[in-house]
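Enquirer: Line by line, the protein sequences give chains E, Y, S and C.
Reminder that position 154 of the first sequence reads as 154 in the working numbering, one-by-one numbering, no gaps.
Here the working numbering runs 1000 ahead of the position in the second sequence, where the first position is 1.
Here the working numbering runs 2000 ahead of the position in the third sequence, where the first position is 1.
Here the working numbering runs 3000 ahead of the position in the fourth sequence, where the first position is 1.
Fair warning: there could be bad hints in the mix.
To be verified - Cross-link-like lysine-lysine pairs, in silico, BS3-like; alpha carbons within 30 Å at most:
#	chain 1	residue 1	chain 2	residue 2
1	S	Lys2047	Y	Lys1663
2	E	Lys143	S	Lys2009
3	Y	Lys1027	E	Lys195
4	Y	Lys1138	E	Lys218
5	Y	Lys1677	Y	Lys1663
6	Y	Lys1625	Y	Lys1665
7	C	Lys3085	C	Lys3011
8	Y	Lys1665	S	Lys2075
Hints listed in this document are in silico derivations from the structure and should not be mistaken for laboratory results.
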Amino acid sequence: MSTQTDNTSNTPSNDPSPKKGATGWVILAFFIIGFGFSLLSGWVGFPKLLYKEVPHPIDFNHALHMDLVYDGCDSCHYFRKDGSFSGSPTLDECRDCHGFVMGINENEEKFAEEYVLEDKEVPWNNYAKQPDCVYFSHAPHVKGAEMDCATCHGDIGESESLRPYQENRLTGYSRDIWGWNMSRLGEPEYAPRMKMMDCVNCHVEQTDSKGNCFQCHK
Amino acid sequence: MKIDRRCFLSLAGGLVAGHLLSPVPWKVTDDLSIWTQNWPWTPVPETGPVAWKETVCTMCPGGCGIKVRMIKDRVIKIEGSEDYPINRGSLCPLGYSSIQYLYGPSRVTSPMKRTGERGSGKFEPVSWDEAISEVSGKLDALRKNGQSHTVACISGSDKGTVPLLFKRFLEAYGSPNFIRTPSGQDAHETAAYLAQGHSDKNVGFDLENATFILSFGCGLLDGGGAPGYQFSTYSRFDRRHTLVQVEPRLSNTAAKAKKWLAAKPGTEGALALGLARVIIENGLYNRNFIENHSFGFEDWTDDNGAIHMGFKRMVSEYTPSRVAGITGLEARQIESLARDFARAQKPVAVCGYNECRAVADIDKTLAVHALNALVGNINQSGGMIVFPDPEYTVSPVEKDRIASTGLTKPRADMAGTDKYPQSRYLLNLLPDILMSAKESDLPVQALLVTGANPVYTLEDSTTAQAAFAKIPFIVSFSSFMDETAQYADIILPDHHFLEGYRDVPPPEGVGKPITGLSKPVVSPRYDTRNTGDTIIDIARKMGGSISNSFPWDGYEAFLKEALKDQYRDLSRNGYVENVEKPAALDVAFATDSGKYEFYPTRRHTTGNGDEAKLPGFKETDVPGKETSGGVILIAYKSPRIASGAVANPPFMTKTIDADMLKKEKLFIQINPETAGKLNLKQGDEAVIETSAGKASVKVDLYDGIMPGLAAMPAGLGHTAYSRYIAGKGVNVNALLQPVADPTYGINKAWGIRAQLKKA
Amino acid sequence: MEKIPSHTKKRHFGMVIDLDKCTGCASCMVACYSENNISFRDEESVKMLSTNWIQVFKLTNGKPFPDTEVCYLPKPCMQCDGKHFGHSPCVSVCPAVATDFDYPTGIVSQIYTRCFGCRYCMAACPYHARKFNWWDPVWPADMEKYLSPDVSPRMRGVVEKCTFCYHRFQRARQQAYNEGRPEDIREDEYQTACTQACPSNAITFGDLDNPDHAVYKLKNSRYAFRLLERLNTNPSVYYLSTREWVHRAADNYLEHEQPAFSEEQQA
Amino acid sequence: MTTPAIPEGVKRCGSRQFLLWLGVAALVVLWGVYAMYRIWFYGLNQTNMNNAYGFALWIWADLAVIALGGGAFFSGFLAYIIGLKNVKNIINFAVILGVVCYTSALLILGLDVGQPLRGWFIFWHANVHSMLTEVAFCLSVYLGVLIIEFIPVLLENPKIQKVRFFHHLSHNMHEIMAVFAATGVFLSFFHQGSLGGVPGVLYGRPFAFREGLFVWPWTFFLFTWSAAAVGPLFTASMCRLTEAITRKKLVKDDVYHLLAKISGWMLLTYIIAKSIDTIYWATVTAPSMGFALMDFYSNNPLYNIWILVAEIAVCGFLPALILITRKGRENKKLLFGAAILAIIGLLINRWVMVLQVMAAPLMPFQEEWFMYSPAWTEVATSILPIAYGIILISLAYRYLPLFPQEKELNPGN
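Okay, chain E solo, but in the shape it has when bound (with noise of 0.2 Å):
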């Protein structure tokens, strides 16, 4: 954008007498300032904005219940046998070990309490949840393709304390999907980034095909 400030003949008759405007470089200035202040309350404002932190119901200890289990991931988080993949462990599962207060820590003693005792089940926060148009099967990801849990998840089995969750205020979605980093350049933070092209770009780049509508959506 430029401003044509040339005075040549035919000029309006009616043009009010000549008034020494604001120069080139303070309308710069302005432009300049109306830009920082629109990127940065765009990078930095709005994410704060459009993100809300939801607290964990449990601070769960991945690492600790590692080493106190045979299977590794699939002891909690096994497949059915239908092939269904049981995702978070029920209050059932949990109630195997956890059957009272052992006051091993804090969170093991408000787990027992609230929610075991209570018989109410934990509404844990699910990093990796997808909506409900999305089909995604365990199964062809872990059996036949032989994929690793960190591979989608991340470092999460090695993690002493939960990192944060946010979800998307208008889209109800955890950050991790669209990732944190707003512009999604770079190395995602925590774990792969999960929308629909992020899917895509491993089917094209594992299968020669970006799959099929039906395939992943129901």
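Since chain E is already given, all that's left is putting chains Y, S and C on it; use the hints.
Expert: Showing chains Y, S and C alone in chain E's frame:
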């Protein structure tokens, strides 16, 4: 430094440019569309482990085995069970839709006490204790007043352990008034009694093994009777099977039949006799059966030396040409049908069941039974099977003086009285009896209703409603807010069948005595109780001998005791077959002659002649005045409309064709020829009026209906349940009127004269 | 890029409906409602506002009483292969690829979250197989409890249609993967809800290109035909009828023309 | 010293009278806006559309306004590419009319889709095989072009001209307008055609389906052609209407005569092509699918065979013949009578190609025609563009020097 307009323009430019390079517009656009993809008001079904559970459907008496797909504690889908011997995988639309009764606005969610006018649907929830105390209090007061015989129970079935508990309760309480709703069973029971001498037996047809089914108006594929059994039989039909349908209207069954014979309604008996004559004349009957196991085929002489006319001589008058004249068919058709039937490998003739109405023409039924006897298929594979009711082993009832006195009183519905000595239940007569009785000595002072919706299903339902309104105290045991529940003073809601135990007695008309067990697949969703438990609770509350007659902790304990050995198999397999084989012919008949009686010697008649006893054809009077330009209204069954005690759920209503129901208007089917005479066109608004009532309808021209008739589907026009069910079409029962058989009391009117006029 | 992923087997699912068997009972419709979370309203009699993925029509031969005949015709989405393979009438017009031809199965997909409700596909479909969500779906009282997580409930403003119960295919595949036999799915492992529900076994479903499947033989029967075949939509749904008038009622013919079946009958 | 907002040398009505005039139109707009609220808030159940009529009044209105708005591109084509100077005397008006028509079309499309917030999917997830995608792309780009063409006209307002930047901008834009006009013409040829392609490709709908050239059915070309033929007639008629309302001569008669002559010949060739197309379709295309011509015409008043006679003979050949004869086009009554007939013909054509396609039953066992009448919400939102157009044109007429010949023709002021 000067700041002017251009600076602000520049600032705005900067803001816009920066904005475009920030994530805001793009992310908001994207997220807004994602928001529309996840609107919070569009439900997201929860996932979880899947489980399949087997049980038996009790939405109708058909007794189909089902498997229920569960996710956690939610019922997701119902499908037919392949291993269940009745339906073998088939299931009707009502079975599939029954989840819409487990969930949904039609449920009665807790005991209720009426607060508004009868039928207004105004109730307040009360506790079980309060509700049961109220009922037992009322019943106790009547009993103390010497009026125990004025308590009646209307039940949708008289088989199974829950009706057994009600019968037991009435017995201990002192009332003879256990009344089963009218059904196809009425005429068959009577015919089985007259021809075979059994008083407590079931008549079924082994359709699955038959090769030639001659159906006199049975809606085998119209959703009546035991639909799962009938559909699964039909699904296994191949080229060797033949279905012939005799019916004045091209029903779904007729459409699928190899041959559709549109005999005039009410003349089926004559057709059966005509066929019998051709069979006998051509020697196509089963000689062994006729010679060794039948009585009254030929003329016979009684103990007094009087000669009586035999069946053979009686039917000799039914020549094909005469029958053609009566039925409107061609003589040629009758002759060839008779030959095909008699020559078929396993022929069977059926009638009565699965018709849309319980029309009990004793003569017709006897004639059809006789056809089966002629081809010797009684108790044979693929034939007409007679088997006993399931036996229950429970201790005898303890009766006090009041009970014993009460039980000797005549029944309120006049069944078993001098007038109708051979009838068991005559609910169809009750409304008129109540209407003509004085308030002070109303024969029914308290009414218990279970598994039935008589306010809706009784013919001439307007009169029935008025009659029920007179009853001072009505208790409903319905799970749903049906029309009768709306008339009740107290509702003691039963579980949905997926929530509780219940034995499922052998379905009417099915050729094998299979008892099923309906088991809970989900825990009760609402404050409901199994009706078996409720009746035990009421009995307990009443104390004394009544309480003593109900020593069980609850219904399940009673069920186990009543079913004894069968219970284990039932709970393991889901069903038991009660008897291995039907009785052999030499022990099959309990008549005086010990044989199948073509001449029913026991028949109760007004006259004494052979004509009256033998099942000759008598024209039935159609109620109503004959007028020029009139039509005869008949009701028909559609497989897409539940017309029994339970209304059709929203899923089924959704399947109803646009030429059957449009907005709140029901279509009446008439032949284009009839329409021409009445000056009606397709889709015209019209008014149909009978002596029972009047309704506005739309006209549907259908070539498949006999000229002069008008047909309306049964099962619409509900006024209760929920807005998804009520207010759609007309209840055809409100336009029909029963005509009592002079000697048996059961309804024998197949239609009613009506005026159909353009609105 | 290939139309079919390297690890996927090519199949061509289709249906053969025996009209001589169909009794018009509507069990298929109801089973479909239940299987596919199809919403309902208190008013369903205006059929062009009612959502049905399969609908049973009643055909009559037009002859007067008592020579009248009736035939019931269930009509799911025809899953057309299109004039050119993969270019189904609806697929080629969708501006946003919300509906697509699924090459590995021959099923026309419909993605409700992609659809923005322009309804061009409905204008393109001669079978009226596609239904628009005019209203927000509402399940009264606690009826949401019976919704199946296998099929996503549709929001207002999008088009939906029969998917040949694709989720059942997914279910079968998942099981196969779990049992270490990926892509090896038996005929009986994947059957649509309507096929399974039909109490008179009028519907047969399977891979039209697989000689081991029942549909392969049935579709080549001389009694087989397809609906509006002359439009070149190439439906994957076949019908069987031994009645000449039914063949005639299933397509349009000029006065002097007649269905191939009739010519065969006369010959 | 204040600059008058009204262009120099022309006379306009008093502001009270003007506001009253605007107010009446604004009321109609408000009615439409209320309908828009109902539709966006409660969904398309507020309309009378159904599963048989997925396309209905709105799509017809869309096709109609775009075809009529075609005056903008074809006058642009004549003025800038062919170089008919005389047409420039009406080009500003044509552009404004175009802006009105195209913005209205987009607004109606925004209402018509079930999920407006996902509307951008048509660009982002485009299916290049879909005619609608082509329509959407060309339509939005062309609307951009129209707005660019409109800007210099807007900048002609004396108050705006006072700002030097805008003054120069308008001057420079005028110079490069030919480039935009050319782009616009190209885009228009395409999207007018794509709109014709919308019904033409529906091979499942024998009433609409046409064979064609490569991927384009004959309707593609017929739609472009008819829009080019009738669009300028619409511009001329609206111009004449403005003259009648303002009781002023705004454009010289020779402009009208020139447009009429061109349109007349365009219309004649179009209607001949359309007749050939119809005959081919009726005798070859449709019969191959088992349909005789009369299968498509019902005995109900709406979809009667007379609709075809009206479209081709009464509203096609008749106006074309009037317009190509000098006597015909130089008689004002005949000229505008013919123009109105031609416009009606175009509206009928678009109506038939949308509504009748939906109405005709396809399955022999479904004899009933699908009938439809629009709901008030559809009518209100379809009338809204007219009121909105009146407002925009009134404002433009009042404050912009739309008609270069006005001063000359009304020297009294």
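Enquirer: Okay, which hints does this one fail, numbers in order?
Expert: Number 4 only.
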